[in-house]
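Colleague: Residue-level listing of the chains:
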Amino acid sequence: MLALRNISAGYAGFQALFDVSLEVKAGETVAVIGPNGAGKTTLLRVVSRLIDATTGEMTMEGRRLNDVASYELVSRGIAHVPENRRLFPKLTVEENLRMGAFVPQARAHFEERLARVYQLFPRMEERRHQAAGTLSGGEQQMCAIGRALMSGPKLLLLDEPSAGLAPVVVQSIFETVRRMSTEGYTVLIVEQNIRQVLKVASRGYLLETGRIRAAGTAAELLDTDEIKKAYLGI
Amino acid sequence: MEIFDIFLLEAVVNGVLLGGILALLALGLNLIFGVIDVVWICYAELIMIGMYTAFYLHVDFGWPLWLAFPACVVVVSALGVALHHFVIRPVLTAEPINQLLVTGGVLFFLQGVATLAFGVEFRNIGVRLPIFELGGMFMSLARVIAFLIALAAMVGVYLFLKRTYLGTAIRAISQDRAIMPLMGVNPSRIFLITSALGGALAGVAACLLVLQYDIHPAIGLSFGPIAFLVCVLGGLGNMIGGFLAAFIFAQFISVGGYFFHLEWGYVLAFLFFIAFMFWRPQGLLAGKS
Amino acid sequence: MMRALPWIGVALLAGAPLTGMGNYPLHLMIMCLLWAFVYTSWALMGRLGMTSFGHGAFLAIGAYGVVMAWNLFGLSPWRSLPIFLLLAALIAFLIGYPCFRLKIVGHYFALVTLALGEIARMLIIALRDQTGGSLGATPNTALADAPWSLTALQFSSKLVWFYVIFGFWLFGLWVWTRVDRSMARLALEAISQEEDAAASIGINVTRLKLGVTVISALMTCLGGALYAQYQLYVNPETVSGIGVSLQMVFGAIAGGMFVRLGPTVGAVFTLLLAEVLRLALGHDIHGLDTTLYGLMLILFIIFMPKGILGAATEAWNRRRARPATAAA
Chain W
3 MLALRNISAG YAGFQALFDV SLEVKAGETV AVIGPNGAGK TTLLRVVSRL IDATTGEMTM
63 EGRRLNDVAS YELVSRGIAH VPENRRLFPK LTVEENLRMG AFVPQARAHF EERLARVYQL
123 FPRMEERRHQ AAGTLSGGEQ QMCAIGRALM SGPKLLLLDE PSAGLAPVVV QSIFETVRRM
183 STEGYTVLIV EQNIRQVLKV ASRGYLLETG RIRAAGTAAE LLDTDEIKKA YLGI
Chain P
12 MEIFDIFLLE AVVNGVLLGG ILALLALGLN LIFGVIDVVW ICYAELIMIG MYTAFYLHVD
72 FGWPLWLAFP ACVVVVSALG VALHHFVIRP VLTAEPINQL LVTGGVLFFL QGVATLAFGV
132 EFRNIGVRLP IFELGGMFMS LARVIAFLIA LAAMVGVYLF LKRTYLGTAI RAISQDRAIM
192 PLMGVNPSRI FLITSALGGA LAGVAACLLV LQYDIHPAIG LSFGPIAFLV CVLGGLGNMI
252 GGFLAAFIFA QFISVGGYFF HLEWGYVLAF LFFIAFMFWR PQGLLAGKS
Chain A
9 MMRALPWIGV ALLAGAPLTG MGNYPLHLMI MCLLWAFVYT SWALMGRLGM TSFGHGAFLA
69 IGAYGVVMAW NLFGLSPWRS LPIFLLLAAL IAFLIGYPCF RLKIVGHYFA LVTLALGEIA
129 RMLIIALRDQ TGGSLGATPN TALADAPWSL TALQFSSKLV WFYVIFGFWL FGLWVWTRVD
189 RSMARLALEA ISQEEDAAAS IGINVTRLKL GVTVISALMT CLGGALYAQY QLYVNPETVS
249 GIGVSLQMVF GAIAGGMFVR LGPTVGAVFT LLLAEVLRLA LGHDIHGLDT TLYGLMLILF
309 IIFMPKGILG AATEAWNRRR ARPATAAA
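Chains as they are written, first to last, in the working numbering: chain W, 3 to 236; chain P, 12 to 300; chain A, 9 to 336.
Just chain W, same shape as in the assembly (with noise of 0.2 Å):
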């Protein structure tokens, strides 16, 4: 579905991503995993077209992404729940869910996914009318979720999902993040967590200062001695 090749970014000066190739196949979950500061972000703010590349080509269901503007992508099927949540504070729970159906595709299905998302996260529909910057974390992140879920994507990038989240609650999203697994959507998550999501990842990629170091099913990439040493305290 979506496709990398030998991508190259940076930021004014410097430079984050370097050649780095990797696809999506429908209905998979993959995992970029790697530490602080190694590019995942910035990864997944090219694909969101947040970010230009400089080098590279990007596909998305065969059909070139470099060029596309930022607000289209949703409408390509292309839904990211950005680091740290970011939830619009002052608006309810409800109203950042409306947000997440805006284009035009999505309002005809308001209704339907809503209930979809609330049948997913039950708080979320007990605080329906809260602002959604008074929720707890683990309460922000799912709700940043179904924001992404609203507009009916092929594809959902997941930005850290466990970042700043207590153990518990990071259990619940990886719970999440698994069942959407099961129903069938395509997500790639980027995440410093790896135990966890190579647990729920069928394949994954580890990016090291923006390259990409190795590749593999989860359970080829818990075994390789480089992860098991730096990062599993093996």
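No lab work stands behind these hints: they were computed from the structure. Take every hint as true, because none was put in to throw you off.
Part of the chain P face toward chain A, derived, beta carbon under 8 Å:
hint : residue
1    : Val102
2    : Ile108
3    : Val117
4    : Phe119
5    : Thr126
6    : Trp275
7    : Phe289
As the structure is a computational prediction, the values presented were derived from the model and not from experiment. Heads up, the beta-carbon is just placed ideally off N, CA and C, and yes, glycines get one too.
Got chain W; can you put chains P and A on it based on the hints?
Modeller: What follows is chains P and A alone, placed relative to chain W:
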């Protein structure tokens, strides 16, 4: 035996009606300044241009008011869009003070253009709406109409912001501009639409003001500051707060002007504003839209 | 050679009126320097992020203060000015202290000060019986019998006024330098005290802001008094209210408020613009200078946010730095 001083009551009632005008003034500004957090210090000058537009269409070109007024609204709305596109957009990412300064340039520019085009004599559209009497008090019909239209506009804007996708997006953009594209929203488009709307509301205010006041290139300076103060007093971005603040402010002006001279009313109103800011810097009804 | 340049400039400026230039050019220079002094005093606050839209209030306190004291009580400006300076300082404190403590900054601070400026203007108009309202006021002349009166602080000779205002302009620049240096010292202290409790640094900041605010208010008030005594006419629109306050803001910023001579450049620019247009067009075309001024301000902020002098200074510094990097 008088239970009330009828003149005081009249001042209070006229204060309410003045509040309607101030509320209308502040409504468009609250949308731009309060909701999407862009500073148009030249907001009153946009209204001034609108007033001249209505004047010229009606007086020089003989257009009937029901044509001239909508034209005025369209003109000011377009002006708002142009303002955003050419002047605000280049400085949107810079410090907010730059917006203040650049629209200050527009303020001088519009004043200058108006002076060049229309001269410095006071103009009046010459349409006199009747003053009518109600229970011993005299009230101007123009003010009553302004009040009703302000009320309708406020309700309209409120519902628009609360119940529509576009309105929600407008409220969202000031909270987190950067992620709007992730919702499939083109931020530029939202700014332009809001600018058009803010401009249109300014145009409506212009139509109502032109019925009651003389026009002069510098009149923006007399009601511009007040519009900003009312917005902040009510809590930036809060439509209802702005409405309430307008009325409180107008009461100070009207009743203060009744007990002393007209200018004292303004002095009291501004003193009240400063004191209130020290007491509650976030405004009357801050925090809710 | 470079360090002597400013002093040469000052000397040239000081000698200029002695070349026998007419009264009108002399008047222009006086106005430039006077407003330069006022803009500089505004910029003291502006450069610290305290954008005041109400400095007209302080200008009015000085201007109307001395005129009213003289006309109504026969009090010489020498006696009355200290009172009004005190008043200006007091108001600056009363407004500034709550603002800084409550962290009222940016837009909100601008609006509070705007309200202040408007209060001043409204008060002048409201007290029309004493102040003459919108028609303005003139200090009673003391020049009927003599070309100058020290008591009344009135001089008929523009030459005298030039040197008076020139002196105050230099004084203003000196104040700027002193404030600059003391701020640099405080900034270094604040940086070195990073480990200390934030509260103590917070208090320092409030005190600094308050100090600068009071100084700015005092200077502006002084400028207002000088204006009144020189022009011998005051009017609520010219010395108070949002109109003149905006003029100060934009004049200082157009010239560049982070540089010492920036506000002066702004004053010269604003005044010369009106003059050049008058000369070029042969007569007053009402509004053309305002239109062009507005247009230029727009272009400045979009393309040269640091002001004329600020941008020029940057370009100059960049050019000086280049040979060094080439050598390295």
